[in-house]
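Let the hints inform the model, and build the full structure from the sequences given.
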Amino acid sequence: MTDRVPVLKIGEILLVSIQVDLEDQMVLDLQEDLSNQIVATGAKGVVIDISALEIVDSFVGRMLATNASISRVLGAETIVVGMRPAVAMTLVELGLSLKGVRTALNLERGLKLLRRLSASRG
Amino acid sequence: MTTEGNTQLLVETLVAQRDDFLAQWTSTVGEDLQGRLSKAELGHELSELYEAILGALTASGLDGRGEHFAETRSLLIELSRNRARRGFTSTETARSVFALKEVLEPSLAGDEQGAQAYLQFARLLDDLGLLTTEAYIRTREEIISSQAEQLLELATPVVKLWDGVVGVPLVGTLDSARTQVVMEKLLQTLVDTNSTHAIIDITGVPTVDTQVAQHLLKTVVAARMMGAQCTISGIRPQIAQTIVALGIEFGDIPTNASLSDALRQALKEVALDADDDVRGLL
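Protein chains in written order, with my numbering: chain G, 1 to 122; chain X, 1 to 282.
Keep in mind the hints are simulated off the structure, nothing from the lab. Source: prediction; values computed, not measured. There could be a bad hint or two in this list.
Computed Cβ-Cβ distance ranges for the label pairs, DEER-style [claimed, not checked]:
#, chain 1, residue 1, chain 2, residue 2, range
1, X, Ser146, G, Val73, 48 to 58 Å
2, G, Asn36, X, Ala274, 16 to 26 Å
3, G, Ser51, X, Arg85, 42 to 52 Å
4, X, Ala240, G, Gly100, 26 to 36 Å
5, X, Ala257, G, Asn36, 46 to 56 Å
6, G, Val73, X, Leu272, 49 to 59 Å
7, G, Gly75, X, Ala257, 37 to 47 Å
In silico DSS-like links for lysine-lysine, alpha-carbon gap of 30 Å or less [claimed, not checked]:
#, chain 1, residue 1, chain 2, residue 2
8, G, Lys99, X, Lys185
9, G, Lys9, G, Lys44
10, X, Lys218, G, Lys112
Which chain G residues stay away from chain X? Per the calculated CB distances, all over 10 Å, these [stated by the list, open to error]:
#, residue
11, Arg4
12, Ile10
13, Met26
14, Asp29
15, Gln31
16, Ala40
17, Thr41
18, Leu53
19, Asp57
20, Phe59
21, Thr66
22, Ser69
23, Val80
24, Val81
25, Glu93
Glycine residues also receive a C-beta, built at the ideal position from the N, C-alpha and C atoms.
Structure representation (structure tokens):
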């Protein structure tokens, strides 16, 4: 059995902190877990922290975009936080721009952004 | 007549008329350089070279690639490096060696043996002259590559304009190597200063073609993925016209005519954040 990425609930927010380099199966499991959790907890926001990731390939890049779309469908905003400069540059070179995914510099700013979004939604 | 005989004759002539030859050589080269090098310095350089060539000739004859010419070669390389750094041309540098031929010609070309010796010596000097040119070019290349590196370092500062706002004043053309450096520096500064806004100012970029626009877009997208707002400012009227004429799409990337406008916009957004903080919204 492969490792799973934990999905933590903080109030109305789900926190996914990715600490190890992802294998393809883990990515698929995460997608499954996350959508289940959003429905189960009725979360309004998802924060995916990738500050520990040194390598992000196109598969993981696409997973981030897909997760954002899935949670939007389920009524939750997704914010990707803590992307490293080297990772951002690699993704740009790969031609991925993560359109439609909200990003923030770090976890703190990501949480702020989520609260602002939910405040403006009322 | 044998080569040894010729060498013998050369050495004898060079020893006998050393002072005459040196004086003539120095003055010929001095005329070429038109006083850009002091007589004393030149005389010192050339007499060192003269002694080295004479010594090598005495020891091993006319083989310019032989080990006895090692000292001569290193002297010549040093001389060429100096000349290259001081901005002399490669012709002037090579002429420093070739001038010795002119100096020797009157005293050797008189009889048949002398002429033969002269031709052989001329061949040796040709070899040495080529060596100076080679060393000259190598030095120039070193200078050019080190300058290119310095330029890359110098021309891409990332400055903090305000709390949470960083600026990148771009000067000069934007190629992929520079884009890489700019992007690296900008993204690292965003992390280091915990900034949410970046302004790329292209006032100093002479032309914007599709390639440059592509590089700019990449930088903006990368900054965005890190969670920062990126604005492009300093677009001059001609540049705006070219951008439209080329059909370049900046998409939803905000652009401004001047840095001050972009800064004002960024400050407004930063202030908005702070406001929300104070009201306890966030």
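Right, here's what the structure says about each hint:
1. Ser146/X / Val73/G: 48 to 58 Å: holds (56 Å)
2. Asn36/G / Ala274/X: 16 to 26 Å: violated (38 Å)
3. Ser51/G / Arg85/X: 42 to 52 Å: With Cβ atoms ~48 Å apart, the hint holds.
4. Ala240/X / Gly100/G: 26 to 36 Å: Holds: the Cβ-Cβ distance is about 29 Å, inside 26 to 36 Å.
5. Ala257/X / Asn36/G: 46 to 56 Å: holds (50 Å)
6. Val73/G / Leu272/X: 49 to 59 Å: Violated - the Cβ-Cβ distance for Val73/G and Leu272/X, about 29 Å, lies outside 49 to 59 Å.
7. Gly75/G / Ala257/X: 37 to 47 Å: With a Cβ separation near 41 Å, Gly75/G and Ala257/X satisfy 37 to 47 Å, so the hint holds.
8. Lys99/G / Lys185/X: Holds. Lys99/G to Lys185/X sits at ~23 Å (cutoff 30 Å).
9. Lys9/G / Lys44/G: The given pair, whose Cα atoms are some 11 Å apart, holds under the 30 Å limit.
10. Lys218/X / Lys112/G: holds (27 Å)
11. Arg4: At about 26 Å from chain X, Arg4/G clears the 10 Å cut-off, so the statement holds.
12. Ile10: holds (15 Å)
13. Met26: holds (21 Å)
14. Asp29: About 24 Å separates Asp29/G from the closest Cβ of chain X, which puts it past 10 Å; holds.
15. Gln31: Correct as stated: the minimum Cβ-Cβ distance to chain X is 20 Å, above 10 Å.
16. Ala40: Label holds. Min Cβ-Cβ 27 Å, cutoff 10 Å.
17. Thr41: Given that every Cβ of chain X is farther than 10 Å from that of Thr41/G, nearest at about 22 Å, it holds.
18. Leu53: Given that every Cβ of chain X is farther than 10 Å from that of Leu53/G, nearest at about 13 Å, it holds.
19. Asp57: Asp57/G clear of chain X: closest Cβ-Cβ about 15 Å, beyond 10 Å.
20. Phe59: It holds; Phe59/G is separated from chain X by about 16 Å at its closest Cβ, greater than 10 Å.
21. Thr66: holds (16 Å)
22. Ser69: Answer for Ser69/G: holds, closest chain X Cβ roughly 16 Å.
23. Val80: violated (8 Å)
24. Val81: Incorrect as stated: the minimum Cβ-Cβ distance to chain X is 7 Å, not above 10 Å.
25. Glu93: The claim breaks: Glu93/G does not keep its Cβ more than 10 Å from every Cβ of chain X (closest is about 8 Å).
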